[in-house]
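Work out the full structure, taking the sequences as your base and the hints as a guide.
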Amino acid sequence: MLLRNRILGSQLWIPPVFAKTTFNTSLAMKPSPRRTLCASASATVPLFVPPGVEPAEVAPEMVLPGSNIVVGPYAGHAQIRVVEFVKSSARPRDCPRDGRPEFAVVGRSNVGKSSLINALVRKKEVAMTSKKPGKTQLINHFLVDKSWYLVDLPGYGFAKAPDAARNDWTSFTKGYFLNRETLVAVLLLVDSSIPPQQIDLDCANWLGRNNIPITFVFTKCDKMKGGRGNQLNENLKKFQELISKNYKETPPWIMTSGVTGLGRKELLLHMSQLRHYWDN
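All letters in the sequence shown, in the order written, are residues 23 to 302 by the numbering used here.
Hints in this document: simulated from the structure, not taken from any laboratory. Ideal Cβ placement from N, Cα and C applies to all residues, glycine included. Careful, some of the hints might be misleading.
Here are the computed distance ranges between Cβ atoms for each label pair [unchecked claim]: (1) I221 with E79: 34 to 40 Å; (2) P217 with T66: 21 to 27 Å; (3) D167 with S111: 20 to 26 Å; (4) A100 with G251: 25 to 31 Å; (5) R115 with E256: 38 to 44 Å.
Pasting the structure below:
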């Protein structure tokens, strides 16, 4: 059964079980210099409370640093031991059909998608990185620890791909999102170093309207030296404000860097609780 049907029922957007709770992020974040640099511009943010946790039970130590994500009872083993490339698919129906859960990674063509995937699995060139955005033009499945998939989807935006490939991106990727029964969640990557982009908001809103679970992964959070840190915080705050206008409950979000590894362990832990809930 589709995960979105299991946890959303007939609800649109984010389900009531992921309750809206506010918490002071400065209390939730440990005083590490790297994490302090990436602190949210807002002292209090709505939290993503997963299944198995009552909002009233949330304590500071339960909130993952650099995020609005509460860790619940479904969180478990989050280390990656083995990763292997399985196949590239030109059509959603050609994707693996072995029933394993999967997370789809998507974002604008220059958002740092491949860099983040490589950082998550701690292997260079698992996902193709290039100075020319838009090199990924197929659905690429990577099997993690022989138990779940990390899926690299084509980037959207100004990818320098053939016109036919660019025009087909919408139907190609939407077909995957709508028909993939083993899809646990979409990791929507957003470049934190620039102001909110309408194309990212459009993608997020489409996913929400179709009840597809989503986690916002803010990339390039290492670029926070000098005055750039204030601008980055403003970008994050503005994006969250825009999203809140269309979502009944706040989706999970987390700050990351493919360069420094910021947010890697936290993101994997978040994925583990979603995956284990999907398995039950």
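- Checked against the structure, which of the hints given earlier come out wrong? As far as the earlier hints go, not one is violated by this structure.
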